[in-house]
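Novice: Sequence:
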Amino acid sequence: MAEISAVFLGAAIIIGLIARMSEEEITTSFIDGARDLLGVALIIGIARGIVVIMDKGMITDTILNSAESLVSGLSSFVFINVMYWLEVLLSFLVPSSSGLAVLTMPIMAPLADFANVGRELVVTAYQSASGLVNLVTPTSGVVMGGLAIARVPYAKWIKWVAPLLGILTIMIMVMLSVGVML
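In our numbering, the protein residues as written are 9 to 190.
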């Protein structure tokens, strides 16, 4: 991780020198850019902290043990679709897709093993749910910023995009169900 940070820092300095920026301008630009990512970094750090606490306190094991009995009787089709809807719900509660992955994958992936479903399908369910929710979530700066620029009220956007969300949801559930058969 430190190597990547060093590359970013070095690239920022080189670009600043090529652009003939002063030392102060380079520093200010770099800090402004890093400031935009601070929120994401904090969410990922907090989510990772929760995962560490859950692992050290054996909370993850307790959840997995309880969840194993819940999913052991489910068919693979039902399991993967329930997993998808769980990720949709959690995507609303945890708006950061990286934070959501850090938080849910340590539980969801082993749960797939208990249900005899491939872990890749659980990742696909997570990614599909997160992507779908990111199209409409009011906590998304991209969605709200785009709507503000276009002067489209949020309620109008939801009404307009709802049929597409329905179609995409059905397609995702069908594809996840087909994925279970493969």
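Read the hints as simulated data drawn from the structure, not as lab findings. Among the clues, some could well be false.
What the hints assert, rightly or not - Cβ-Cβ distance ranges computed for the label pairs, FRET-style: (1) G18 <-> S80: 50 to 60 Å; (2) P146 <-> I58: 43 to 53 Å; (3) T177 <-> S80: 25 to 35 Å; (4) V182 <-> I26: 47 to 57 Å; (5) N142 <-> A163: 17 to 27 Å.
The beta-carbon is built from N, C-alpha and C at its ideal position, and this holds for glycine as well.
Novice: Could you run down the list of hints and mark each one as holding or not?
Specialist: Checked hints:
1. About 52 Å separates the C-beta atoms of G18 and S80, a value consistent with the hinted range of 50 to 60 Å.
2. Taking 43 to 53 Å as the suggested C-beta distance range, the pair P146 and I58 does not conform, at roughly 24 Å.
3. Between T177 and S80 the CB atoms are about 26 Å apart, so this pair conforms to the stated range of 25 to 35 Å.
4. As the Cβ distance of V182 to I26 is approximately 50 Å, the hint placing it in 47 to 57 Å holds.
5. For N142 paired with A163, a C-beta distance near 18 Å keeps the hint of 17 to 27 Å intact.
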